[in-house]
Amino acid sequence: MSETAEANETPPVEDERIKEMAGFRKAMIRPELGAICGTILVFVFFFLTARDSGMFGPAGILNWSVVSAQFAIIAVGACLLMIAGEFDLSVGSMIGFAGIVIALLSVSLGWPVWASIIAAFVICTGLGAVNGWLVIKTGLPSFIVTLATLFILRGLTIFAAIATTRKTIIGGVRDAAEGDWLAPIFAGKIFKGFFQWMGDHGWIETFSRGTREGMPVVEGVPMLIVWAIILVVFAHILLTKTRFGNWIFASGGDAQAARYAGVPVNKTKILMFMFTAFCATLFATLQVMEFGSAGADRGLLKEFEAIISVVIGGALLTGGYGSVVGAALGALVFGVVQQGLFFAGVESSLFRVFLGIILLLAVILNTYIRRMITGER
Amino acid sequence: MKKTLTALAAAATLAATSFSVPAYAEGERYVLVSHAPDSDSWWNTIKNGIDLAGEQLGVTVEYRNPPTGDLADMARIIEQAAASKPNGIITTLADFDVLRGPIEDAVAQGINVIIMNSGTPEQAREVGALMYVGQPEYDAGFAAGLRAKGDGVSSFLCVNHFISSPASTDRCQGFADGLGVELGSQMIDSGQDPSEIKNKVLAYLSANPDTDAVLTLGPTSADPTIKALEENGLAGDIYFGTFDLGSDIVEAIKSGVIQWGIDQQPFLQAYLPVVVLTNLDRFGVLPGNNINSGPGFVTNDGLALVEQFAGEFR
Chain E
1 MSETAEANET PPVEDERIKE MAGFRKAMIR PELGAICGTI LVFVFFFLTA
51 RDSGMFGPAG ILNWSVVSAQ FAIIAVGACL LMIAGEFDLS VGSMIGFAGI
101 VIALLSVSLG WPVWASIIAA FVICTGLGAV NGWLVIKTGL PSFIVTLATL
151 FILRGLTIFA AIATTRKTII GGVRDAAEGD WLAPIFAGKI FKGFFQWMGD
201 HGWIETFSRG TREGMPVVEG VPMLIVWAII LVVFAHILLT KTRFGNWIFA
251 SGGDAQAARY AGVPVNKTKI LMFMFTAFCA TLFATLQVME FGSAGADRGL
301 LKEFEAIISV VIGGALLTGG YGSVVGAALG ALVFGVVQQG LFFAGVESSL
351 FRVFLGIILL LAVILNTYIR RMITGER
Chain W
1 MKKTLTALAA AATLAATSFS VPAYAEGERY VLVSHAPDSD SWWNTIKNGI
51 DLAGEQLGVT VEYRNPPTGD LADMARIIEQ AAASKPNGII TTLADFDVLR
101 GPIEDAVAQG INVIIMNSGT PEQAREVGAL MYVGQPEYDA GFAAGLRAKG
151 DGVSSFLCVN HFISSPASTD RCQGFADGLG VELGSQMIDS GQDPSEIKNK
201 VLAYLSANPD TDAVLTLGPT SADPTIKALE ENGLAGDIYF GTFDLGSDIV
251 EAIKSGVIQW GIDQQPFLQA YLPVVVLTNL DRFGVLPGNN INSGPGFVTN
301 DGLALVEQFA GEFR
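Here the protein sequences come in this chain order: E and W.
The letter at position 37 of the first sequence is residue 37 when you use the working numbering, and the numbering goes up by one with no holes.
The letter at position 114 of the second sequence is residue 114 when you use the working numbering, and the numbering goes up by one with no holes.
The hints are simulated quantities; they were obtained by calculation from the structure and are not laboratory data.
Possibly wrong hints are sitting among the right ones.
To be verified - Chain E stretches covered by chain W per the calculated footprint, using a threshold of three residues with CB under 8 Å from any CB of chain W:
| id | region |
| --- | --- |
| 1 | 50-64 |
| 2 | 74-83 |
| 3 | 199-209 |
To be verified - Now the in silico label distances, taken between C-beta atoms and shown as ranges:
| id | chain 1 | residue 1 | chain 2 | residue 2 | range |
| --- | --- | --- | --- | --- | --- |
| 4 | W | Ala310 | E | Leu156 | 30 to 40 Å |
| 5 | W | Asp189 | E | Glu213 | 32 to 42 Å |
| 6 | W | Ser195 | E | Leu238 | 20 to 30 Å |
| 7 | W | Leu52 | E | Gly139 | 54 to 64 Å |
| 8 | E | Ile364 | W | Asp40 | 32 to 42 Å |
| 9 | W | Ala310 | E | Thr374 | 52 to 62 Å |
To be verified - List time: in silico DSS-like cross-link candidates among lysine-lysine, alpha-carbon distance up to 30 Å:
| id | chain 1 | residue 1 | chain 2 | residue 2 |
| --- | --- | --- | --- | --- |
| 10 | W | Lys85 | E | Lys189 |
| 11 | W | Lys47 | W | Lys149 |
| 12 | W | Lys254 | W | Lys227 |
| 13 | W | Lys85 | W | Lys47 |
| 14 | E | Lys192 | W | Lys85 |
| 15 | E | Lys137 | E | Lys167 |
Here the structure is a predicted model, which means the values were calculated and not measured.
Glycine included, every Cβ here is placed at the ideal spot set by N, Cα and C.
Work out the full structure: start from the sequences and follow the hints.
Given below as structure tokens:
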């Protein structure tokens, strides 16, 4: 990237490798265009159908933002990995596994919560590295390798939980996390004063009874959303503004060509597997810290939710193409649709039908946009 | 004649007015949130229950569940339900840690909450719910014990296939207390393996030939116990009761091997909360206690209805 920047600084000589594009077209035609259209469409749709259902009240906004943020956290990892040309189907199992690791260490073994969280991150990113290493060494499709990890981790999680505590749900993490220095980073809420102030002025609703009477319904911005934003910004900068970002694109686009050009493809891919595992662990930690318990069946099918978000966001399943902003918008679309259908009062068994239709529309639209960008036929 | 006509007319007017007094606003909206994944067929009864209640009372009841059964997703659904401002929420309390926060928030927002099926009356009170509608296991066992005592039972064998669950032990303890005897060693830890259960039952009954009755806690322990009784010739002779229903259990009730099966009656767990919430919203009336949807005793007499409505309302 920096090299191109230098090249551009010598203006008169035009680089014949860079195609000139009209400004408007350049601004419009980007991988996330489909996701932007989708987001607008989805919001207009729900604004028309579910406006007076509380969906756009403070509590409603918080509800679908939290769900979208959850999707975004795992989608960012899946997005970078997918651009690097690989899949990780073990995300959901990793979430369950990481949660149980934290709960087992902190509640059953009495470790301090901060140590348990750090241990979970170390173990899980390590497992991510194993995933990546296996894919690189065996040359097998990551689809198969991580499918195996999906089963292994889920089985191990259930076994570990039952063997040590005879239960599949381990509670008591909230009490263990009392006074811990690291836990608030995952469980707290920020801007509480601001929301209280809005509540006092009657701009947002307050609780009408009970011990929390007078406190605003929305207490603050959950750390879950903060983490999602941090992750999206970080990954976006990594992907578009750094040399490593170019490596990611190159590894996914054509690994062999990238190797000839001196890109450390193996290292890049393994790091991306680790990053995906990191995102899954982050998801699990946030969930365990918020709810105070870990369940061996948590995170079921989350890998597909991550992949769906990324695909809605315009990334190519075969790698080498996509955008983090697109994936984040894909997560937003997914979250808004999932919760919005409840607000609109649609029979919940129809949720999957809507999801399928949106996925199909998104892929068709994205394919069309991609052809416009790359000029492929 | 004219008198009769006037009387009739008066009666008709009276009837008409009494029919057309909508002193309440119809169309309340309630949300039932369950913890069951889409594929769990048991909950179909629940859906039919709320549909029927909604139809009869003129209210809307929406059914929501996490598609994969993920309880963390369920917490989001409760938050969502609260944000949509329904008149009331009916929910299960499958995991107290995960769900208490969202439920307490809903209660604090002024939404009436009833806990159904999972959880305990104590937990329901703690989160601020109006009541608990379900089958408290100890009470169910106690009622079964009283019934057995009336039938002349004074000793029993409780086949506990899930000894680590407090609810299972509550069932046996309740039964013993209902009979008015010590539980003592009359409860055996049978394990989950069918042949193991069968052999343990056979061994216990040959070592304790005076045993009057057998109590099993579900299809897992009932089915092998039926086999055991067929093998030692006590089938139909010994008093046999069980919790929960299954196809083998229904067959055994029909053939007289099992005297009764205890049904927790999911239909009532769905139907009654809607009735309670609607009447609370319309007239401000509220029953003063938790509602036990079970134990409903299924005997040979009531079997026709069970078979007819199995999977629909039973």
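So, going through the hints one by one against the coordinates:
Only residues whose beta carbon comes within less than 8 Å of a beta carbon in chain W count, and the region 50-64 of chain E has 9; three or more means the coverage holds. Counting residues of the region 74-83 of chain E whose beta carbon lies closer than 8 Å to any beta carbon of chain W gives 0, which falls short of the minimum of three for the stated coverage. Counting residues of the region 199-209 of chain E whose CB lies closer than 8 Å to any CB of chain W gives 4, which reaches the minimum of 3, so the coverage claim holds. Separation of Ala310 (chain W) from Leu156 (chain E) is about 38 Å and conforms to the stated range, judged on CB atoms against 30 to 40 Å.
The hinted range of 32 to 42 Å is not satisfied by Asp189 (chain W) and Glu213 (chain E), whose Cβ atoms lie roughly 49 Å apart. Range check, Ser195 (chain W) to Leu238 (chain E): about 59 Å between beta-carbon atoms, so the 20 to 30 Å window is missed. At roughly 59 Å, the beta carbons of Leu52 (chain W) and Gly139 (chain E) sit within the given window of 54 to 64 Å. Distance hint for Ile364 (chain E) and Asp40 (chain W): a CB-CB separation of about 34 Å, consistent with the stated range 32 to 42 Å.
Ala310 (chain W) and Thr374 (chain E) have their C-beta atoms about 58 Å apart, which keeps the hinted 52 to 62 Å range intact. Of the pairs offered as hints, the one joining Lys85 (chain W) and Lys189 (chain E) holds, with about 23 Å between alpha carbons and a cut-off of 30 Å not exceeded. Simply put, Lys47 (chain W) and Lys149 (chain W) have alpha-carbon atoms about 36 Å apart, too far for the 30 Å limit, and the pair is violated. With a CA separation close to 15 Å, the supplied pair Lys254 (chain W) and Lys227 (chain W) stays within the 30 Å bound.
A distance of roughly 21 Å separates the Cα atoms of Lys85 (chain W) and Lys47 (chain W); the hinted pair therefore holds under the 30 Å criterion. Restraint check for Lys192 (chain E) and Lys85 (chain W): the C-alpha separation of about 23 Å stays at or below 30 Å, so the hint holds. With a C-alpha separation of about 37 Å, the suggested pair Lys137 (chain E) and Lys167 (chain E) falls outside the 30 Å cut-off, and the hint is violated.
Checked against the numbered hints listed earlier, the structure breaks hints 2, 5, 6, 11, 15; every other hint is satisfied.
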